[in-house]
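Can you build the whole structure from these sequences, using the hints too?
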Amino acid sequence: MPLLDIEDLHVQVEDQVILGGVHLTVAPGEVHAVMGPNGSGKSTLANVVAGRPGYEVLRGTVRLAGEDITQASPEERALLGLFLAFQYPIEIPGVSNMEFLKAAIDSHALARGEGAPSAAAFIRRARATAERLGLDAGFLKRGVNEGFSGGEKKRNEILQMLLLEPRIAILDETDSGLDVDAMQVVAAGVNDFRDTGNAVVLVTHYQRLLDYIVPDHVHVLAGGNIIRSGDRTLAELLDRDGYSWIEDAC
Amino acid sequence: MRASTQGPQAAEVLYARLLGKGTYSYAPAIDRDAARGCIAADGLPVFRAEAWKYSNVGKWYQAALAPAEAPSVGETCVPDGVELHRFDEPAARPFLADHLGAAIDLARHPLAAVNRILLGSGVVVRVPAGRRIDEPVNVDDIGAAYEHILLIVEPGAELALVETPITATHRVVECIVAEGARLMHRRVQPRGQAPQCGLIAAKVDEEAHYSLWLVARGTELRRNDIHVTLAGRGAEAHLNGAWRLGDREHLDNQVTVDHLAPECTSRQTFRGVVGGRARAVLNGRIHIAAGAQASDASLTTKNLLESTDAEVYAKPELEIYANDVRCSHGATVGALDEAMLFYCESRGIDRDAARGLLLRGFLREAIAGEEAIGVLAAGFSGAGEPLGATPAEDVASAGGEVQ
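From first to last, the protein sequence lines stand for chains A and B.
In the working numbering, each number is its position in the first sequence, counted from 1, plus 8.
In the working numbering, each number is its position in the second sequence, counted from 1, plus 287.
Honestly, I wouldn't trust all of these hints.
To spell it out: a stretch of chain A is covered by chain B in this simulated footprint if at least three of its residues, at any positions, have a beta carbon under 8 angstroms from a beta carbon of chain B; those stretches are [what the hints assert, rightly or not]:
id, segment
1, 53-63
2, 80-88
3, 107-117
4, 158-166
Partner residues are not named here, just some residues of chain B that face chain A (Cβ under 8 angstroms, in silico) [stated by the list, open to error]:
id, residue
5, G617
6, L623
7, A626
8, F629
9, S633
10, G635
11, D637
12, D639
13, R642
14, L644
15, G648
16, F649
FYI, nobody ran anything at the bench for these hints, they're computed from the structure.
We treat Cβ as the ideally placed atom computed from N, Cα and C, and that holds for glycine.
If you want it as structure tokens, here you go:
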């Protein structure tokens with residue numbers, strides 16, 4: 009059974025149709041890259057799958073491990089194992105990263121019918137994971153994304169992903185704003201996360217992230233539809249030729 | 288100016304009682320005549336007066352006349368190095384003579400004049416010069432409807448005070464912070480029913496430091512007058528407040544910071560969350576006197592409205608008579624950010640828990656640090672209250688120190 013199954017998804021935002029019948033099937037253990045020019049609907053796809061308010065699903069379904077989540081709340085989707093790494097992570101002044109992560113982890117534990125981890129166990133795990141991403145212990149005490157650099161915000165998204173252990177992670181332009189060193193750290197985090205039981209969807213403009221996280225499938229989204237799919241060589245083609253040929257194809 | 292529009296009969300009766308001939312069952316060595324003079328000259332405040340337009344003082348007059356409940360007087364214990372004297376003890380006399388009323392202009396604070404006349408209990412808390420007290424002093428009820436806590440932090444001394452007025456109809460906390468001294472004042476006001484007013488007055492001398500945390504809920508009518516006088520060169524005051532109101536709670540904070548000396552600094556940071564049909568008021572006045580050059584003053588207040596019937600009145604006032612100053616103020620009123628809520632929900636945190644998390648974070652912008660968690664929990668505890676301590680907050684308070 010696919011982990012993520014998007015079928016004929018039509019989405020409108022403020023009276024404008026952004027997605028016009030997207031199909032995408034992601035099986036366990038796979039990494040998919042969704043690429044496309046600005047305004048093609050990539051972020052809309054990521055956000056609508058996560059249940060962000062403001063997007064109207066006109067038609068189609070989104071299934072997570074067979075369960076229809078098209079109308080589910082963002083929280084329900086998250087607890088079923090969906091994770092969205094935000095393109096622009098939100099700042100929450102006054103709430104420490106530690107408190108935010110513990111609230112999220114407790115909520116997941118409760119949904120699984122387990123008890124919340126002890127504070128000590130949680131802190132140990134959070135620190136070790138932060139360290140893997142090159143984030144020092146003080147990082148966990150700071151307000152969520154408050155005053156973080158672009159790279160720190162993106163690494164914080166990966167930290168959350170590693171701690172929450174979703175079944176499917178959608179990374180919305182996680183590579184944007186990262187220097188090469190930071191991108192390698194982020195990519196290492198994603199590669200650590202990958203296993204046969206979960207899946208990753210990378211939404212990106214550029215091929216460069218795919219040098220570090222090798223996708224099994226590459227899709228080109230343009231004009232609200234996936235117009236072409238292939239293996240990683242498709243990303244290399246895009247890198248070489250740009251997106252201009254797509255306009256002809258549309 | 289006599290009360291006539293609201294609670295008129297209560298005001299009349301109270302007025303007569305204040306100025307009538309009578310004996311006082313509580314008779315420490317204090318001067319009541321100046322207070323009687325103020326009331327005789329100006330009368331009692333009325334609801335329509337500018338300073339009282341948000342709070343129906345008539346309700347307070349009715350409460351002021353009600354027979355006082357016998358409060359449960361907690362034993363006030365002070366740590367070693369701190370002196371505690373009841374006003375009616377002989378040992379209190381020199382301190383009353385030297386300091387009582389030094390930080391208070393009774394003509395500007397008529398209910399403090401009422402308090403002085405009807406005073407039922409007072410304590411002097413004194414920290415001798417140079418003593419640094421690590422353990423906070425706690426003062427809850429001290430046994431009367433009208434209370435006065437006179438805090439004297441002598442030169443170079445340091446103290447933290449935590450106080451919660453519970454049954455007092457009116458409490459005065461008067462803080463004398465001498466040269467180079469430091470006072471951390473924590474005021475916790477849980478939700479209550481009866482009308483309650485009070486005055487916090489601080490006189491801060493040269494290079495001294497006064498900080499106030501005000502963590503408050505409301506009552507039918509609750510008003511805090513806060514008046515800080517920066518009286519010596521280089522004095523500093525940090526006033527931080529967080530309030531959370533619902534139902535028909537009412538909280539009116541009237542804050543004045545007087546910069547009287549040069550090179551003084553004041554920072555005011557307030558955050559309010561207001562729902563139901565509650566009303567929150569912050570009137571924050573910064574006054575820079577003519578000689579107070581190189582003053583540095585700021586005030587920010589941010590408020591979240593949780594319902595369409597809630598009311599927030601946020602009014603900064605600057606009054607500047609010096610020409611070399613740095614002053615700023617800002618006030619905002621808004622709703623909880625949907626993007627923040629979505630971010631929390633996308634991590635599996637349900638909407639109610641997300642709201643609680645965001646509201647706590649918002650309030651902690653005013654009251655921050657590890658000590659804040661306990662203070663906020665004390666002020667905002669209660670059934671169904673989303674701002675009490677949570678397991679996640681325990682983690683925050685552990686501060687990640689577990690190895």
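Hints and how they fare:
Residues of the segment 53-63 of chain A lying with their CB closer than 8 angstroms to a CB of chain B number 4, which satisfies the three-residue condition for coverage. A stretch counts as covered by a chain when three or more of its residues have a beta carbon under 8 angstroms from one of that chain; for the segment 80-88 of chain A and chain B the count is 6, and the coverage holds. For the segment 107-117 of chain A, the stated coverage by chain B holds: 8 residues have a C-beta nearer than 8 angstroms to a C-beta of that chain, and at least 3 were required. Closer than 8 angstroms: that is the beta-carbon criterion, and the segment 158-166 of chain A has 0 residues meeting it against chain B, so the requirement of 3 is violated.
Checking B:G617 against chain A: minimum C-beta separation of about 15 angstroms lies over 8 angstroms; hint violated. At its closest, the beta carbon of B:L623 sits 11 angstroms from a beta carbon of chain A; the interface hint therefore is violated under the 8 angstroms criterion. Look at B:A626: its Cβ gets to within about 5 angstroms of chain A, closer than 8 angstroms, so that hint holds up. About 6 angstroms separates the beta-carbon of B:F629 from the nearest beta-carbon of chain A, less than 8 angstroms, and the hint is met.
Interface restraint check for B:S633: the shortest CB-CB distance to chain A comes to about 5 angstroms, inside 8 angstroms, so the restraint holds. Here the hint on B:G635 is kept, as its CB sits about 4 angstroms from the closest CB of chain A, short of 8 angstroms. A least Cβ separation of about 5 angstroms between B:D637 and chain A falls short of the 8 angstroms threshold, and the interface hint therefore holds. A distance limit of 8 angstroms between C-beta atoms decides the matter here; for B:D639 the minimum to chain A is near 10 angstroms, and the interface restraint is violated.
For B:R642, the interface hint is violated, the least distance from its beta-carbon to any beta-carbon of chain A being 12 angstroms, above 8 angstroms. Among the interface hints, the one on B:L644 holds; its C-beta lies about 6 angstroms from the nearest C-beta in chain A, closer than the 8 angstroms criterion. With a cut of 8 angstroms, the hint placing B:G648 at the interface with chain A holds, because the nearest CB-to-CB distance is about 3 angstroms. A least Cβ separation of about 6 angstroms between B:F649 and chain A falls short of the 8 angstroms threshold, and the interface hint therefore holds.
In summary, the numbered hints that this structure violates are 4, 5, 6, 12, 13.
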